[in-house]
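Using the sequences plus the hints, can you model the full thing?
What follows is the residue order along each chain.
2 protein chains.
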Amino acid sequence: MDEKKTSSPETAPIAATAEHNANFEENIRAIIRSGKPASVIRDDLDNYHANDIAEVLETLDTATRKRLYNILSLEMTAEIFTYLDEPAPYLHELGLDRAAAVLAEMDADEAVDILENLDPEEKEALIARMDQESKDDIHLIFSYDEEQIGSRMTTNYIVIPNNCTIKQAMRHLISQAEDNDNIDTIYVEDENGRYFGAIELKDLITAREYMKLEDIISTSYPYVYADERSSDCMEELIDYSEDSIPVLDRNHKIIGAITYEDIAEAIDDEMGDDYAKLAGLTSEEDLHEPLLQSLKKRLPWLVLLLFLGMGVSSVVGIFEPIVDRIALLICFQSMILDMAGNVGTQSLAVTIRVLMDEDISAMQKLGFVFKEMRIGFLNGLLLGSASFVVIGIFVHIMKQKSLFFSFALSGCVGISLLTAMVISSLVGVLVPMLFHKLKVDPAVASGPLITTVNDLVAVVTYYGLAEILLVDVFHLV
Amino acid sequence: MDEKKTSSPETAPIAATAEHNANFEENIRAIIRSGKPASVIRDDLDNYHANDIAEVLETLDTATRKRLYNILSLEMTAEIFTYLDEPAPYLHELGLDRAAAVLAEMDADEAVDILENLDPEEKEALIARMDQESKDDIHLIFSYDEEQIGSRMTTNYIVIPNNCTIKQAMRHLISQAEDNDNIDTIYVEDENGRYFGAIELKDLITAREYMKLEDIISTSYPYVYADERSSDCMEELIDYSEDSIPVLDRNHKIIGAITYEDIAEAIDDEMGDDYAKLAGLTSEEDLHEPLLQSLKKRLPWLVLLLFLGMGVSSVVGIFEPIVDRIALLICFQSMILDMAGNVGTQSLAVTIRVLMDEDISAMQKLGFVFKEMRIGFLNGLLLGSASFVVIGIFVHIMKQKSLFFSFALSGCVGISLLTAMVISSLVGVLVPMLFHKLKVDPAVASGPLITTVNDLVAVVTYYGLAEILLVDVFHLV
Chain X
1 MDEKKTSSPE TAPIAATAEH NANFEENIRA IIRSGKPASV IRDDLDNYHA NDIAEVLETL
61 DTATRKRLYN ILSLEMTAEI FTYLDEPAPY LHELGLDRAA AVLAEMDADE AVDILENLDP
121 EEKEALIARM DQESKDDIHL IFSYDEEQIG SRMTTNYIVI PNNCTIKQAM RHLISQAEDN
181 DNIDTIYVED ENGRYFGAIE LKDLITAREY MKLEDIISTS YPYVYADERS SDCMEELIDY
241 SEDSIPVLDR NHKIIGAITY EDIAEAIDDE MGDDYAKLAG LTSEEDLHEP LLQSLKKRLP
301 WLVLLLFLGM GVSSVVGIFE PIVDRIALLI CFQSMILDMA GNVGTQSLAV TIRVLMDEDI
361 SAMQKLGFVF KEMRIGFLNG LLLGSASFVV IGIFVHIMKQ KSLFFSFALS GCVGISLLTA
421 MVISSLVGVL VPMLFHKLKV DPAVASGPLI TTVNDLVAVV TYYGLAEILL VDVFHLV
Chain W
1 MDEKKTSSPE TAPIAATAEH NANFEENIRA IIRSGKPASV IRDDLDNYHA NDIAEVLETL
61 DTATRKRLYN ILSLEMTAEI FTYLDEPAPY LHELGLDRAA AVLAEMDADE AVDILENLDP
121 EEKEALIARM DQESKDDIHL IFSYDEEQIG SRMTTNYIVI PNNCTIKQAM RHLISQAEDN
181 DNIDTIYVED ENGRYFGAIE LKDLITAREY MKLEDIISTS YPYVYADERS SDCMEELIDY
241 SEDSIPVLDR NHKIIGAITY EDIAEAIDDE MGDDYAKLAG LTSEEDLHEP LLQSLKKRLP
301 WLVLLLFLGM GVSSVVGIFE PIVDRIALLI CFQSMILDMA GNVGTQSLAV TIRVLMDEDI
361 SAMQKLGFVF KEMRIGFLNG LLLGSASFVV IGIFVHIMKQ KSLFFSFALS GCVGISLLTA
421 MVISSLVGVL VPMLFHKLKV DPAVASGPLI TTVNDLVAVV TYYGLAEILL VDVFHLV
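Quick note, the sequences are listed as chains X and W, same order.
Position 316 of the first sequence, counted from 1, bears residue number 316 in UniProt numbering, the numbering being contiguous throughout.
Position 206 of the second sequence, counted from 1, bears residue number 206 in UniProt numbering, the numbering being contiguous throughout.
Among these hints, one or two may not hold up.
One copy or any two copies: either way a pair holds, since identical chains are not told apart in the list.
[What the hints assert, rightly or not] Pairs of lysine to any residue, SDA-like flavour, derived with a Cα cap of 25 Å: (1) LYS123 with ALA78; (2) LYS167 with ASN47; (3) LYS167 with GLU200; (4) LYS401 with GLU320; (5) LYS212 with PHE388; (6) LYS123 with ASP136; (7) LYS439 with GLU236; (8) LYS135 with LEU72; (9) LYS439 with GLY367; (10) LYS371 with LEU469; (11) LYS167 with ASP190; (12) LYS167 with LEU213; (13) LYS66 with ALA88; (14) LYS401 with ASP472; (15) LYS212 with LEU118; (16) LYS123 with SER73; (17) LYS399 with GLU320; (18) LYS296 with MET373; (19) LYS167 with LEU438.
Calculated from the structure, these hints are not laboratory results.
Written out as structure tokens, the structure reads:
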């Protein structure tokens, strides 16, 4: 942390953001408690970010909070409420009418996020108390399935007609900006209300008044339909990396926008799901989920894995005779199987990320498979050799076996490790590629299959090798 | 897909985005090949999104591409190049001078992303050819370690003095907007060039001329220092969910901005890393990484896991005598260990996500631990019972053992499964919580420890139970 001090003439705290944040929160608390007139408090608070005020709000007592609600403007309250982690109890404090007004003041998609987590009755009561425009916006978003783009869109966007002048466009912008602060990209519609194109705000601001509006409209600016599945077009939306992309209905009318914030949320959701799937959950869980729902997400994989495990068991059964003769063999089974599993999981994780992130050619795929195999081979060579030495010594000393027997046994373990690791790498890369090709999500399907194949390979190699080497070749038992 | 058709009067394609995109690309190709005058082609292409043009560019032959470079403006070329997946070969086509000009035209952070992936010599040659301002910006970003916020910031932002009028502020905005299109939030500095606050663009646009600029400045708008570690403040930046947050040096001078795009990238990186860690990689890998580097990321875990596995092996060794008497026992060891591992991984994945996403109280943690145990118990009860029945029948029929022996053995398997799954759930939730408390990343450290503990518990339960039940109680061997 020393380099920070040299770069600064002041005493620089280590966790600076946390520190100046704590200061902000202390200041906000002081303002609220100052006892100054409401209008002064309101102006003072206006200098702070709604997120910081929200953090403080959660720590106040109910009485102070209620006094604060009466001081804040509706707009400020709405902004602060979008930053609360669990807004429900605070909405109750506001009372139905004011809560409805606050929700109506928010962007419709943010209001929807909050409404979704309330009781159905409370939700209906709040929506019923809103103005018609907010009601319409909220119903529109609710009308889409959560898999559809429409459920993620915001109705906070600016739209202007295509047949106006630069000056008129600027006036349209100013009149709409009051309610819609998503103004980086301005959408344009034609005389029939159909999507015509988009204007970058910076182009409008820097345009000369004698220019034609048409000159700054991108008529082929990308768009997306509200009823498309998010998963089908999110990758593409990420590629455009735009602050906002218009959402159209099938009549080509603009009905919403997807912002970078929505996209970031989607990435987070998607990644979280993959993470969950790799761990054998059907989808991501959260803290507040009821027991049965969690059980339902976990059980399917476990059942499948159990039956695959029974399959492996019946194969292990074939090697009962050799274990019957050399019981010592069982000591190292778990180690070899675990290592095969670990290597396979590594290959799987890398492969899934590669398949997801990039469009790769057949040649690149082949190169990738070979690379994974070489990594498996090198890892196996290193770890197999280490095991040969360590286990040989261990068996000789701890189990009082002859030096020759000890190293013949540890040789079986070492060679099995090497073989299992090469094959696990190969399986860990080929199986997800195959599923990807078959358009089955590799993060879901690959895990169990890979574990099973790896277990089988490891078991057969290990006990098979032991039988050949220790019994047939060296006649050690 | 039928509901799409009903909602639309036109024939709606299934993958609509992909489809209208393909159309865009076809149109772009036609424009480039049209043979019209350069200025017409330039204006026509200006209607399209740079990302779509970039997609087409990658498919053209070199000659056409070189003709296109001469048609496009520097600004358009720069924008298109930020969307190329691998810009290096196309930069070569431009020649050093024009490539340097294109990079200088980009946002500095985007130029840095491209420069980072070039040879050091080429990189230096390009930077040397840039104008002083671009050089400075690029050197500034390069001066930060990749762990620091400064390496992620953009120098594309607008800053105005705090002592001007609304009208002057608007003029400042217009003059800077040409070069900086990150205009949603405008930063304000005081007469000493120190950060003073921020203005939402919508407030400036809708402000009346008689208002004071001060009224619309948030003087306590959040900020971050360039030398802070990204991981320390990224969570907080996400909480603000702002389009841009100013980045200051330790003299409180504004030197850059963090945008939502940067944050989304950081989320993606972070999640990808966790994903990798859960799979026993020290950090995320990509396709183009050299073999040795990949090996270095994978080997540390494997070595650790191998030695932990050897530890388990020596414990299994204790049970050699019972296996020597009932070799059949080994059939089900892999199944029980795998199931314990699977349940533990599920609990681990859920716990890590919960710990990361939410600030939870001690009470909530306790509730969460109990929930995980109940899930483990219910899963164990279901799967243990299933195993008892299926394995009992299997052993009786396939291994020709007595009915009593078969079900005594399968009873051991069932009870071991139940025990292993409850304890695995517990371990899978307690270990990451412990690491979290100790400020060690639970995604890194938990995996191996959990596997080892679970293996030990499962082995001891299974063979111990077999010894007690089959030998001591029922005297079956």
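With identical chains treated as interchangeable, where does the CA-CA distance between LYS123 and SER73 reach 25 Å or less: within a copy, between copies, both, or neither?
-> Close inside one copy (23 Å), not across copies (53 Å); limit 25 Å.
If the cut is 25 Å between Cα atoms, do LYS135 and LEU72 qualify within a copy, between copies, both or neither? So LYS135 and LEU72 pass the 25 Å test inside one copy only (24 Å; across, 47 Å).
Query raised in the report: How would you label the pair LYS399, GLU320 (within, between, both, or neither) given a Cα cut-off of 25 Å?
Result: both (21 Å within a copy, 11 Å between copies)
- With identical chains treated as interchangeable, where does the CA-CA distance between LYS296 and MET373 reach 25 Å or less: within a copy, between copies, both, or neither? So LYS296 and MET373 pass the 25 Å test across copies only (15 Å; inside, 36 Å).
Between LYS439 and GLY367, at a C-alpha cutoff of 25 Å, which is it: within one copy, between copies, both, or neither?
-> Within one copy only: 22 Å inside, 39 Å across.
Note to self: At most 25 Å between alpha carbons: which applies to LYS123 and ASP136, within, between, both or neither?
What the structure shows: within (14 Å within a copy, 54 Å between copies)
Classify it for me, LYS401 with GLU320: is the Cα-Cα distance of at most 25 Å met within a copy, between copies, both or neither?
both (22 Å within a copy, 14 Å between copies)
query = When no copy is named, should LYS167 and GLU200 be tagged within, between, both, or neither for a Cα gap of at most 25 Å?
reply = both (15 Å within a copy, 21 Å between copies)
| message | With identical chains, the pair LYS167 and ASN47 could be close in the same copy or across copies; at 25 Å between alpha carbons, which is it: within, between, both, or neither? | response | between (32 Å within a copy, 21 Å between copies)
Discussion item. Regarding LYS123 and ALA78, is the shortest C-alpha distance of 25 Å or less found within a copy, between copies, in both, or in neither?
Written reply: within (17 Å within a copy, 49 Å between copies)
Q. For LYS167 vs LEU438, is the C-alpha pair at or below 25 Å within one copy, between two copies, both, or neither?
A. neither (54 Å within a copy, 60 Å between copies)
Quick one: LYS371 to LEU469, C-alpha cut-off 25 Å, is that within a copy, between copies, both, or neither?
neither (31 Å within a copy, 49 Å between copies)
Figure legend: structure checked against the earlier numbered hints; hints not met, in rising order: 5, 10, 15, 19.
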